[in-house]
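Trainee: Quick one: dock chain against chain with the hints and give me the complex.
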Amino acid sequence: MIAYLITITILVCVAALVGLALNLQWGLAGLVNFGVVGFVAIGAYAAALLAPEIGWLPAMAVSAALSAAFSAGLALLAIRLEENYLAIVTIGFGEVVRLVILNEPWLTNGALGIADIPRPFAALGDAVGGDAVFLVFAVALVALAFVTLEGMARSPFGRALRAIRDDATVTSALGKNVFALRVRAFAVGGAVMGIAGALHAYYLTYIDPGQFTPIVTAYAFMAVIAGGRGSNVGLLVGAGSIMALLEGTRFLKDFITVIDGVQLSALRLGLIGVGIVLLLILRPQGLAPEPRRRTSDVLPDRTTRS
Amino acid sequence: MTDSFVVNRRAVVAGLGALPLATAFGRPALAQGAADVPLGMVLPFSGATGSYGPAMKQAADLVVAKVNGAGGILGGRKVKLFIEDSETSATASVAASKKLLEVNKVELVGGFWGSPEALAAKPVILAANKVQMLSCAANAVTEGDTKGLIYRLQAKSSQWGPAGAKVMEKIGAKKVTVLAQQNPFIVAMVEPFKAEMAKIGGQVMDVVMYNPDQASYRAEVEKAFGPEPDAVFVLPLLTDMVSIAKEIFRGGFTSKVVSLGTGADAEGKFLQAVGPEVAEGIYHLQPSPPIDSPSYARFVKEMGAPEGTVFLFAGNAWDQVCITVLAMEHAKTQEAAVWTKSVREVCNPPGEKVDDVVKALKMIRDGKKINFNGAGCTCDFDEKGDSINRSFYVQLIKGGKNTPVGVVS
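Protein chains in written order, with the UniProt record's numbering: chain A, 1 to 306; chain B, 1 to 409.
Errors might be hidden in some of the hints.
[As the list claims (entries may be wrong)] Derived DEER-like restraints, expressed as beta-carbon distance ranges:
no., chain 1, residue 1, chain 2, residue 2, range
1, B, E143, A, E104, 16 to 26 angstroms
2, B, E228, A, A65, 48 to 58 angstroms
3, B, E143, A, L144, 34 to 44 angstroms
4, B, E280, A, Q263, 34 to 44 angstroms
5, A, E104, B, K174, 27 to 37 angstroms
6, B, A195, A, V139, 46 to 56 angstroms
7, B, K362, A, A266, 50 to 60 angstroms
8, A, V100, B, P276, 53 to 63 angstroms
9, A, V139, B, A219, 44 to 54 angstroms
10, A, P105, B, K362, 44 to 54 angstroms
11, B, P276, A, V139, 53 to 63 angstroms
12, B, G281, A, M1, 47 to 57 angstroms
13, A, L107, B, G148, 50 to 60 angstroms
It should be emphasised that the hints constitute simulated quantities derived from the structure, not laboratory data.
Glycine included, each C-beta is placed from N, C-alpha and C at the ideal position.
Okay, chain B solo, but in the shape it has when bound (with noise of 0.2 angstroms):
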């Protein structure tokens, strides 16, 4: 008993000995130059949705670099941007962000992909008083008490339903069955498009709901075309539309489809993983970028992306950035809770519009008031911290290529 109970001990002493280890780790990163701005975010590069975080961290690396490059913020300092990986998971969310928060010591945790990520972070991130800026949908998120440190850059899901109904007019399509994954971005857009599709005097025949990662869809592809409606109305994620349209297609159905963005073109990844044969003729409508502007063409072309590439979250990520360093250079200070008074300020109009972060800073110094737009969105917030003056921007897929339709409001 004696010996087995040295063995214990030792190896009790090297289990705790773990957890400083954990500690010894985190030094280097504190270790920065004082006079850094620190700012986090949490992306998704592993698990269901890991396939969206990459071109986020390029954009908002890319940004960093840029207002790094042109001399900084608050009188020279760099910003220094901290990114933790989410897994497409809520509670490892809570792990990344409270690390951002207590380790690299964030004015900012931004990202924020999926809604339940964001919702389990965001007591953690308010009780800091730091600000969340967001790149998700779900309502719940900027609904009870925010503090006033929430920012939304994505369209809201009581958004995007109403929206789809006015493709289905817009394609003349009445009569529609509704085909989408249980998650919550998706859910909470199909009530409000049951009651557009009322109001404009279509008919939702059937609601099929599926659930994440199952293995196939056929059923409940089946369930949604059986009745040959006009058009379905399909709510997917990047993986599970890849199956879907292989299965759409195999079955040789004729009603037309509306998709979205995040689903049928996911910056051009959907095309890519199905071919042109597949993809023919499916409608995806997403909130758009300002696709005309130069601000845009020239985003899409830094990220080194073909001309014409809608990009949905990672414009976000870069405008996540401009609002934050743009805010703190107005307020005079990197303090979240002081800062934040200052989003509204150089992102709302009125004031001179400016696209580029680093003109954008040189006319805050001047003490001009500027009204930014990015090149996600035109970064106009209301008082809940949500994203005001969303289009969607539709596109069908004819030949192997995403072609405009138009834009619904």
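Next comes chain A alone, as it looks inside the complex (with noise of 0.2 angstroms):
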């Protein structure tokens, strides 16, 4: 059972890094990415070939690079564009790695996919037993991206990006660079989805095109969505229930013998929407929302004024 639930805490922690990343964009920035399976295909790929060639610490730092590269760029070329056409350029984006990654089989192998990728730690975790080291490497590389993300939101820069996501004329009325602060969103959050790639790759140890699908965004979404857009504490909760209601799941069957497998594995994603039509009917804001500043906090208190 513990190494279970280690594995399913690595991958709620590569669903989180993916979730923080877009919550930096979309919730705080306000820029749509349907594409977000692409960034994490592109980190786990680089990940993947480098990493048997350089070590896997330098093509990490590579995915990341590599991943904030291809976002700057495709900012660049469409951050311009309002908030439903972006979503288009990013859905488009999106296939076009998965496809390219299907159909160069030079460089990825194909639909057959890169099998023995070098896990780090593995001998250290042979030594203490199961993935428990790969889990302490996971959920510090999420501590780090919680802090740097959280930093940045509370900094001038997050405030802004509030600002832009909120009435972006506004704020470039008052003389901040909107253009160049998206691109920046944009390219921060794509360094992190990288980082998710490289960790799932170095996980399962075996990738192929076929992990890359639309689903990944869909549950990136549905991770900022419940636990509150903007909030980067909302989003580990928020990542932590829909795994916990995915993988939770699996377990009906076990104790509920009315239903067989087959029942049960339509079932289960049924109960997914329905947990998620209710958490957006019961609590809208999500399960941790973003914390609001009010007037009280910036102002004096009227009472307390001499």
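Mentor: This is the structure we're talking about:
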């Protein structure tokens, strides 16, 4: 059971990294990125291809850099587009990445995928037993990403992004360079998605194009929405609950014997849908919504004014 | 600020509370009788290959009921089967395998219809020193270090290709094109097919690859049939073959069509989906179950299917359970690392041929040397765990029915 929970927690860590990145792009800056999976795939493939050559840590750094570069490039091309159009362009990007990976076997081994990706701390992991060391590494990465992104969200940069999300024209009138800020937000998000992809590749040790389908993007959006858009704490809660829901439902058939496996697999996905609809009805602001400042936080309290 | 922080903290606690909830769900499964022998399978019920899972589950459940009905194994212990959905996803199959291994403590993780799912789960299963049994084709799964724990009950990709070429020879097709889906199972058969075609003096004019889940296959079909080859080797799965067959029918092409049982039969689902007119004249091949044996006829009957149905994967699931219980009985233990050494003892010749699992169990108890023959194959394995003596069964769809053409090997 413990080892299974470790696996699930590592998968939650990957989902949380993707979610944190999306939370910066969409939650904070209001940039709809439906191509999340493309950036994760770039990170995963960069790590898988480079890790045997240059070691896993440099490979992870390259995944982050490469994914950030693609993000920035896409942002330079498309970020001026209005919300819905940006969504369409990013969907297209995600599909392009998947099709390139599938159809360029000289680089990516095509549909056969890449097996035997070296896993960091494999030797150490064997000594301590199981994936515990990898789990610590994954949690540390999430903690690092959380602290960095939360720091950003509280910094002037984060405030400017929120202002852009709420009203880009006003922000621009106040002298902020909206375009540059958006490109930066997109690139930082891309880097974190690249790291998530690398972590995914290192954990599974086998990747193929079938793992990078739009469902990855959907889960990331679900995590952000469930947690509360713009809130990093909420994101962690959201990513955790989505995975708990996905995996927890696996156990249903073990003790409800009336439903057999075939019906359950259909029912499972239905239940998850119902869960999200209920969440949106009962708690539209998310499980842990973004903290909002009120006037009283900034202005002195009227009663204490002399 | 203070107010909103309180809400946050509660929510965090609530969220964290959800995780142990998953643990609580697991308890009833653990509460099974200590004497049960747990086996697991990862099968596709949802996603692109979801249509292949239910028959495999049915077969596995049937054989488990049969073994338990006859008194179980290892001195009266019952077999308990846990089945998880692979969701046609490598990531999901890793989580599912991990759950089976760690929560249900299974000794076998079988099933594995798709190669990506099997490849991703392989390191997890080997690390736990349990046995992995496959119904998938990609060569890579049995390559590298398998620790002697992996068994494939299906033909390898590199065996399908040459078999296709032999069908081409049989129907007199010299100039051919290939129309193939980009997936690990199929990609690996293209080169062996080309090599075999060259050997028998044929010519492969073009190889057209298409991506899975396309909305339309018209462009690819026209490209493959355009040069008017003698025949086109169409390598699909079920859902895309349905669209492709309609496209071929609509285009009125005259080239012969040779396809795979995975797409153009799929245990009869293809004919149901397209109807006799569209399916007319399509050849298809698949690794043959022992069609003429009484055990196979009995298997088809127990599955409740019409006589003559060719089950490509359900038989594999059936055999996976059979082999496991026989090897356990032979090794007198449920410990996977031990009974894996008994698999070839009970499956490969020499030995008395037997195809009924209950009878085979009894013979093992009586100390006889047996050679088990299954419902999906003869269940003989080479040193890598690949099944040997695979022959392919070729059928032609005529008048809305699969009619046998012959066997190639």
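Trainee: Indicate, hint by hint, whether the structure satisfies it.
Mentor: Hint check:
Restraint check, B:E143 to A:E104: a C-beta distance of roughly 22 angstroms satisfies the suggested window 16 to 26 angstroms. For B:E228 paired with A:A65, a C-beta distance near 51 angstroms keeps the hint of 48 to 58 angstroms intact. Distance hint for B:E143 and A:L144: a CB-CB separation of about 37 angstroms, consistent with the stated range 34 to 44 angstroms. The supplied range of 34 to 44 angstroms is met by B:E280 and A:Q263, whose beta-carbon atoms lie about 35 angstroms from each other.
For the pair A:E104 and B:K174, the beta carbons lie near 32 angstroms from each other, so the given range of 27 to 37 angstroms is met. Checked against the hint of 46 to 56 angstroms, the C-beta distance between B:A195 and A:V139 comes to roughly 50 angstroms, which is consistent with it. At roughly 40 angstroms, the beta-carbon separation of B:K362 and A:A266 lies outside the given 50 to 60 angstroms, and the hint is violated. At roughly 40 angstroms, the beta carbons of A:V100 and B:P276 sit outside the given window of 53 to 63 angstroms.
Checking the proposed 44 to 54 angstroms range against A:V139 and B:A219 shows it holds: the Cβ atoms sit about 48 angstroms from each other. With their beta carbons about 51 angstroms apart, A:P105 and B:K362 fall inside the hinted range of 44 to 54 angstroms. Hint check: B:P276 to A:V139, Cβ distance near 59 angstroms, so the stated range 53 to 63 angstroms holds. The beta-carbon spacing between B:G281 and A:M1, approximately 55 angstroms, falls within the hinted interval of 47 to 57 angstroms.
For the hinted restraint 50 to 60 angstroms between A:L107 and B:G148, the CB-CB distance of approximately 34 angstroms leaves it violated.
Checked against the numbered hints given earlier, this structure breaks hints 7, 8 and 13; the rest are met.
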